[in-house]
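The primary structure of each chain is shown beneath.
Protein chains: 2
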Amino acid sequence: MAALDDLLSFNHTTEALGQVMGRLGWDQETMMPPGAAEQRGAEIAALEGVLHARRTDPRVGEWLAAAEARTDVDRAQLREIARAHARAVKVPAELAAELARLTSLSQGLWAKARANQDVAAFLPTLKHVVALKREEAAAIAEGGDLYDAMIADYEPGTTAAEIGALFDRMRPRLVALRDRLAGAQMPPSLAGHFPKPLQLKLSHEIAATFGYDFDHGRLDLAVHPFSSGSGADVRITTRVDEAEPLGCLYSTIHEVGHATYEQNIAPEFRLTAFGQGVSMGVHESQSRIYENQLARSAPFTRYLHGRMVEHFGPLTAHAEDFARVINRVQTGYIRTEADEVHYNLHIMLRFDLERQLFGGQLEVEDLEEAWNTRFAADFGMAVDKPSNGLLQDVHWPVGLFGYFPTYALGNVYAGCLDAALRRDVPDLDVALEVGDPAPALAWLRENLQRHGGLRTPRETIEHASGIEISEAPLLDYLDAKYGGLFGV
Amino acid sequence: MAALDDLLSFNHTTEALGQVMGRLGWDQETMMPPGAAEQRGAEIAALEGVLHARRTDPRVGEWLAAAEARTDVDRAQLREIARAHARAVKVPAELAAELARLTSLSQGLWAKARANQDVAAFLPTLKHVVALKREEAAAIAEGGDLYDAMIADYEPGTTAAEIGALFDRMRPRLVALRDRLAGAQMPPSLAGHFPKPLQLKLSHEIAATFGYDFDHGRLDLAVHPFSSGSGADVRITTRVDEAEPLGCLYSTIHEVGHATYEQNIAPEFRLTAFGQGVSMGVHESQSRIYENQLARSAPFTRYLHGRMVEHFGPLTAHAEDFARVINRVQTGYIRTEADEVHYNLHIMLRFDLERQLFGGQLEVEDLEEAWNTRFAADFGMAVDKPSNGLLQDVHWPVGLFGYFPTYALGNVYAGCLDAALRRDVPDLDVALEVGDPAPALAWLRENLQRHGGLRTPRETIEHASGIEISEAPLLDYLDAKYGGLFGV
Numbered sequence: 081m082a083a084l085d086d087l088l089s090f091n092h093t094t095e096a097l098g099q100v101m102g103r104l105g106w107d108q109e110t111m112m113p114p115g116a117a118e119q120r121g122a123e124i125a126a127l128e129g130v131l132h133a134r135r136t137d138p139r140v141g142e143w144l145a146a147a148e149a150r151t152d153v154d155r156a157q158l159r160e161i162a163r164a165h166a167r168a169v170k171v172p173a174e175l176a177a178e179l180a181r182l183t184s185l186s187q188g189l190w191a192k193a194r195a196n197q198d199v200a201a202f203l204p205t206l207k208h209v210v211a212l213k214r215e216e217a218a219a220i221a222e223g224g225d226l227y228d229a230m231i232a233d234y235e236p237g238t239t240a241a242e243i244g245a246l247f248d249r250m251r252p253r254l255v256a257l258r259d260r261l262a263g264a265q266m267p268p269s270l271a272g273h274f275p276k277p278l279q280l281k282l283s284h285e286i287a288a289t290f291g292y293d294f295d296h297g298r299l300d301l302a303v304h305p306f307s308s309g310s311g312a313d314v315r316i317t318t319r320v321d322e323a324e325p326l327g328c329l330y331s332t333i334h335e336v337g338h339a340t341y342e343q344n345i346a347p348e349f350r351l352t353a354f355g356q357g358v359s360m361g362v363h364e365s366q367s368r369i370y371e372n373q374l375a376r377s378a379p380f381t382r383y384l385h386g387r388m389v390e391h392f393g394p395l396t397a398h399a400e401d402f403a404r405v406i407n408r409v410q411t412g413y414i415r416t417e418a419d420e421v422h423y424n425l426h427i428m429l430r431f432d433l434e435r436q437l438f439g440g441q442l443e444v445e446d447l448e449e450a451w452n453t454r455f456a457a458d459f460g461m462a463v464d465k466p467s468n469g470l471l472q473d474v475h476w477p478v479g480l481f482g483y484f485p486t487y488a489l490g491n492v493y494a495g496c497l498d499a500a501l502r503r504d505v506p507d508l509d510v511a512l513e514v515g516d517p518a519p520a521l522a523w524l525r526e527n528l529q530r531h532g533g534l535r536t537p538r539e540t541i542e543h544a545s546g547i548e549i550s551e552a553p554l555l556d557y558l559d560a561k562y563g564g565l566f567g568v
Numbered sequence: 081m082a083a084l085d086d087l088l089s090f091n092h093t094t095e096a097l098g099q100v101m102g103r104l105g106w107d108q109e110t111m112m113p114p115g116a117a118e119q120r121g122a123e124i125a126a127l128e129g130v131l132h133a134r135r136t137d138p139r140v141g142e143w144l145a146a147a148e149a150r151t152d153v154d155r156a157q158l159r160e161i162a163r164a165h166a167r168a169v170k171v172p173a174e175l176a177a178e179l180a181r182l183t184s185l186s187q188g189l190w191a192k193a194r195a196n197q198d199v200a201a202f203l204p205t206l207k208h209v210v211a212l213k214r215e216e217a218a219a220i221a222e223g224g225d226l227y228d229a230m231i232a233d234y235e236p237g238t239t240a241a242e243i244g245a246l247f248d249r250m251r252p253r254l255v256a257l258r259d260r261l262a263g264a265q266m267p268p269s270l271a272g273h274f275p276k277p278l279q280l281k282l283s284h285e286i287a288a289t290f291g292y293d294f295d296h297g298r299l300d301l302a303v304h305p306f307s308s309g310s311g312a313d314v315r316i317t318t319r320v321d322e323a324e325p326l327g328c329l330y331s332t333i334h335e336v337g338h339a340t341y342e343q344n345i346a347p348e349f350r351l352t353a354f355g356q357g358v359s360m361g362v363h364e365s366q367s368r369i370y371e372n373q374l375a376r377s378a379p380f381t382r383y384l385h386g387r388m389v390e391h392f393g394p395l396t397a398h399a400e401d402f403a404r405v406i407n408r409v410q411t412g413y414i415r416t417e418a419d420e421v422h423y424n425l426h427i428m429l430r431f432d433l434e435r436q437l438f439g440g441q442l443e444v445e446d447l448e449e450a451w452n453t454r455f456a457a458d459f460g461m462a463v464d465k466p467s468n469g470l471l472q473d474v475h476w477p478v479g480l481f482g483y484f485p486t487y488a489l490g491n492v493y494a495g496c497l498d499a500a501l502r503r504d505v506p507d508l509d510v511a512l513e514v515g516d517p518a519p520a521l522a523w524l525r526e527n528l529q530r531h532g533g534l535r536t537p538r539e540t541i542e543h544a545s546g547i548e549i550s551e552a553p554l555l556d557y558l559d560a561k562y563g564g565l566f567g568v
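Sequences listed follow chains A and B, in order. FYI, in the working numbering the residues of the first sequence are 81 to 568. FYI, in the working numbering the residues of the second sequence are 81 to 568.
Derived from the structure by calculation, the hints contain no laboratory data. Glycine included, each C-beta is placed from N, C-alpha and C at the ideal position. Check the hints yourself; a few may be wrong.
What the hints assert, rightly or not - Chain B regions said to be covered by chain A (calculated; three or more residues, Cβ under 8 Å):
hint, region
1, 97-108
2, 127-139
3, 290-299
4, 304-314
With these hints in hand, go ahead and build the complete structure from the sequences.
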């Protein structure tokens, strides 16, 4: 008993310090004065040192060995503490520090190289990042697969082989749908000028509509939208383009999905080892179902049209046509701007390349050519510049290998959850039509969000949906939605 | 050598974590969502535990015993590290934790009691705070004077006896000036409506005029204005009353004085033990000289008048009369709203009461009566309600006994610095008349600010001014300024 109690008390403090670290990250992206970056680096390094010392503290190992779980809650705590401890003790402190230093530095170098469309300038850094991540993965994998070790950081309990098989099953139907849509007529985008204050006002309103609790969060601007924090303080950000209002709005809704997952975790789980979203994939399932299955549904877009007219005045699209405008399908270079049909194809490309990279079949020097060849094959167009290709995303520059597939897993999970939600709340569209996603939000909170990391990622989705995880519900949904919207 | 290097490296991390703590405080007062207070308490307690463990780490004592200073910089480091370590090890951890918990709680209770004008509701808490602070002071003083031990937390190197003697010398001339001014005609305050965005725009402009570096700081709103952080990230706040623009503006300039002191400390001193303002009194000397001797000088107010007309349109006062409007003298209840003549009388009242409280001549139960009696005697008017009396300031409720006298010390220091500045920069008024305080700012940076805590507080002022600390320059300045403005 004493070992468990000591461990949980020790871990509570570690979790609280982890929240402080998250707050520093938020501040850095939203509030920090430009000249403070170097000092902030020292502050983050100091706090990271404290966290690392706590995660590798030998007492944690002793407590884990002696502790006996009394309840499911205890078991979830021990599972997550053991996972973090095992990982932390395997990675040499110097390697962890060197990786932190390098990836912090490389983000700036990547941004510069991307602005200059200069892959060659960034390759040595990327090579260094990959080499260190390889070393880290080898330390964690202890003889096992390197790429699997990295995936486990973001989606514990799954493997590259499983994901690869899933993607192989998804691809034919996605490509078939994409090809059918290629012949369909698409409406033009919204045109006009959409002032920043009005976009932010609408974002605040719609965030609240989707259950975001401003008493335990706030909405600010950032270059790349994100959600940050757990428990009682979960903050979101968005971005504004005055020529295009849907990016701001749907970024907000996406982050609200992430944030309400954190906000809705049972208060008694706060600052415990499992008191946060259980994996990146499950997290993404929440952001995606809010953004796509709910907010991009035809009934909700009709409601949204009215709200936008109220905020911005007359629009260049009619309410009845608005779902088609919002769900326009178009082949493009940029993952984050992709429609629901193309999105997973962008992920598959990245997954295959990073799997080859860490499997030893591909070298960093050949990565750009591999990207461009694959993109042309998959998307039928040639990459025109590195910012539309290899230098597009921040993930690889900062060492987030194994992260990309969780986006597609999130989509698959969202498909399962949506099928179950529609089964349990058959008249959901009636509510969405009047701008009331509350029945869906209550269902998600009760069945998934409030449990945090009580169960593993797979168990979380299967417990919530009552169905076995499969790509079928997502693909059925996409066929039905896009087929219906564009008559294909 | 090894001991010194190990100690300085260890302390660098502690200082970085101290900055993180400061950032949490800033966030709490400016950005934090209202529902996050409880979780923030846990986060702060966790970080406070880390800091306490580092400050009391036995290795610090060993390194201090073995370290040999090579330079003045080393000596300043060792002086400050030894001071913090000695204090930390003397206070039992449970007492420190209990004080932290109680004073965090009591702030809310005080705010409520003040809103309800209910001294009785707050007295038990205040009694508890005083009891714990007494216990803490006894642990630190080790047989010495309790009140001196508390003063040393804010102004090391001075004693209640010295401050008492200083105040005894100041009082007669202050009272005589106050009495002469009682018969003078005062102009009315500014009247009108001053929109918040325009007040903030003017505050940004004047902050920059006074050398505030927005590349290493930012200006936000808070209920009580403050400055936060050291080195490369020093943030300030202000408040806005749309009926009265001078509060916002002069609060900003006051905080700019604090903040530029921190921003201007030599970059190589950042995150060292002395890389911040050396004491509360010296800090206050900077905020006061910016706010009073510079920004409330007649030449600068004529420039400011033009800037305000530019921002707000015509004012109800003429430029030639603006110094009299800005420096109106009026007896009032509230310390923070007091003019330069009355301000120190407010401090003397608090100093004498807290000295008696910790000397055992006064009980908490009798504090309100003592306050009201003393206020009537000193200010010639009866306290009308507790929020204008005993419940006015947050300091005592949160345990800041020994802090108040540093405000008056700051005024005395500012008097010395101003005399030296006027000696060295004889044509300063010509620059102030055109809104250019740069010669004064350069003098302060070079002679005082850049050195941080390299010297003790007293040495800092005497090194910068080249004169021995005395009340005479301040009183001469007040007699000349107010005599000139109001013909008394």
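Violations among the numbered hints
Going through the list in order, the structure violates no hint and respects every one.
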